[in-house]
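Peer 1: Protein chains in written order, with my numbering: chain A, 96 to 333; chain B, 8 to 168.
Rather than coming from a laboratory, the hints here were simulated on the basis of the structure. Note that the coordinates shown come from a computational prediction; the quantities given were computed from them, not determined experimentally. One or more of the hints may lead you astray.
[Stated by the list, open to error] Ranges between beta-carbon positions, derived for each pair:
(1) T282(A) / G127(B): 16 to 22 Å
(2) P49(B) / L128(A): 41 to 47 Å
(3) A156(A) / T139(B): 32 to 38 Å
(4) R259(A) / T139(B): 25 to 31 Å
(5) P306(A) / D30(B): 47 to 53 Å
(6) G46(B) / E273(A): 39 to 45 Å
(7) S274(A) / D30(B): 38 to 44 Å
(8) A103(B) / D131(A): 34 to 40 Å
(9) R65(B) / R228(A): 22 to 28 Å
(10) L128(A) / R67(B): 42 to 48 Å
Don't be surprised by glycine CBs; every beta carbon is placed ideally from N, CA and C.
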Amino acid sequence: MGRRTHDPERDAAAYVSGEMGQSERERFEAHVLGCDDCWGEVSIGRDGRAMAEAAREMAPAGLSDSIRGVVSAGPIPQPARRRLALVPPAVLLLAIVVVVGALLGSRGEPGPIAAAVAAARTQTIAARGPSVRPAPDLARMGLALVVDGRVELAGLPSDAFLYRTLSGDSVVLFVSDESFPVARDATLREMGNGGWSARSDGMTLVCGDRPTNYLVIAQDPSLVGLVEHAFVSGSSTD
Amino acid sequence: MGRMDLVSNVARRMGRSPEDARDLVQDTYLSAFSAWTKGSKPDRVEPWLATICLNLGRSRYRRSRRALREVPLELARGAVDRSDPESEALASLDAAALHQAMWTLDEGQRIALAVVDICGLSTTEAAQVMGTPRGTVLSRLHRGRRALAHVMSEHVDRGEP
Numbered sequence: 096m097g098r099r100t101h102d103p104e105r106d107a108a109a110y111v112s113g114e115m116g117q118s119e120r121e122r123f124e125a126h127v128l129g130c131d132d133c134w135g136e137v138s139i140g141r142d143g144r145a146m147a148e149a150a151r152e153m154a155p156a157g158l159s160d161s162i163r164g165v166v167s168a169g170p171i172p173q174p175a176r177r178r179l180a181l182v183p184p185a186v187l188l189l190a191i192v193v194v195v196g197a198l199l200g201s202r203g204e205p206g207p208i209a210a211a212v213a214a215a216r217t218q219t220i221a222a223r224g225p226s227v228r229p230a231p232d233l234a235r236m237g238l239a240l241v242v243d244g245r246v247e248l249a250g251l252p253s254d255a256f257l258y259r260t261l262s263g264d265s266v267v268l269f270v271s272d273e274s275f276p277v278a279r280d281a282t283l284r285e286m287g288n289g290g291w292s293a294r295s296d297g298m299t300l301v302c303g304d305r306p307t308n309y310l311v312i313a314q315d316p317s318l319v320g321l322v323e324h325a326f327v328s329g330s331s332t333d
Numbered sequence: 008m009g010r011m012d013l014v015s016n017v018a019r020r021m022g023r024s025p026e027d028a029r030d031l032v033q034d035t036y037l038s039a040f041s042a043w044t045k046g047s048k049p050d051r052v053e054p055w056l057a058t059i060c061l062n063l064g065r066s067r068y069r070r071s072r073r074a075l076r077e078v079p080l081e082l083a084r085g086a087v088d089r090s091d092p093e094s095e096a097l098a099s100l101d102a103a104a105l106h107q108a109m110w111t112l113d114e115g116q117r118i119a120l121a122v123v124d125i126c127g128l129s130t131t132e133a134a135q136v137m138g139t140p141r142g143t144v145l146s147r148l149h150r151g152r153r154a155l156a157h158v159m160s161e162h163v164d165r166g167e168p
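This is chain A alone, in the form it adopts within the complex (with noise of 0.2 Å):
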């Protein structure tokens, strides 16, 4: 392998874990198909490393709103006390809002926003009534219709349609006679469709206002794209 070291365990590792360069990855694939140790160990750490990542959870529901009660009511050490004994109590909570914002990973986006991300992240729609537009059906796509309804984000009415795969991944449609306002940290797409894309506390983002006004949000990107397209087609074939 014209290396001076031949460790299967953590060489599959760094594999596996996609940290070898390029050209270490080259020389370490080339020589896997002749190391059956090598080859027997990337095998199973692949195995592995699915598993691992099947077992990753989203942070339970309403969390951050008890983190950031225990946080405004909790102990604050003495130092910090006395120079906050100091500044009014709403300048006081401000800071602790935009701290706590911070290492939540809040990153002031708009309020439709804000709101359509915590809808999908929580896999919640409070509706207000039932969808003003039928559900688009993508069954086609391997994707089942759980919930949809009439929701108000931050005041900006729209449809939403909450779907899942086969494989328990949600994605939420949000359909609205209104324009949704762009995400901080958006990247405009040369679509000529007024598209943008963003991240958003661990969300993928994407936004269009034709046919009408979308917004699809998933964890999966690739989720993201897939419903993007089914909604956009679609929507033009009807």
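Use these hints to put chain B onto chain A, whose structure you have.
Peer 2: Below, chain B without anything else, positioned relative to chain A:
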């Protein structure tokens, strides 16, 4: 992965019950907030939060081991006998089996899997978080993956849900 999800996933591998993990997440943010107000602002928040969570989880584990030795026999029996229908239902799910399987791993392996495979940190960052050389992280990572694959394979062979 969002920061809250990251801390929550590390906590789930440090605290056996959802309640323990939830408490650990809250304590992590309380400590982080306290450190932040004292001027500690890391370059990358994710590994910093993971380190705090890991250190708090370890000290809790040490405390709980000491406390376990002091539990009266009657209380220990009561704790074992008490059935929890919700826990039983959850235990029938594959996700729960996976979670249980991770708890069969050596602590170092379980933490390496949590920090790298679940939370998405690099092995270099994991080495800083775990306070070990990167080579050790790679070994623990691989042995943990191998052990997890074996445990889940046996689980499937037994035909358990």
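Peer 1: Against this structure, judge whether each hint is valid.
Peer 2: Hint check results:
| no. | hint | in the structure |
| --- | --- | --- |
| 1 | T282(A) / G127(B): 16 to 22 Å | holds (21 Å) |
| 2 | P49(B) / L128(A): 41 to 47 Å | holds (42 Å) |
| 3 | A156(A) / T139(B): 32 to 38 Å | holds (34 Å) |
| 4 | R259(A) / T139(B): 25 to 31 Å | violated (39 Å) |
| 5 | P306(A) / D30(B): 47 to 53 Å | holds (48 Å) |
| 6 | G46(B) / E273(A): 39 to 45 Å | holds (43 Å) |
| 7 | S274(A) / D30(B): 38 to 44 Å | holds (42 Å) |
| 8 | A103(B) / D131(A): 34 to 40 Å | holds (35 Å) |
| 9 | R65(B) / R228(A): 22 to 28 Å | violated (52 Å) |
| 10 | L128(A) / R67(B): 42 to 48 Å | holds (47 Å) |
In this structure, the hints that do not hold are numbers 4 and 9, in rising order.
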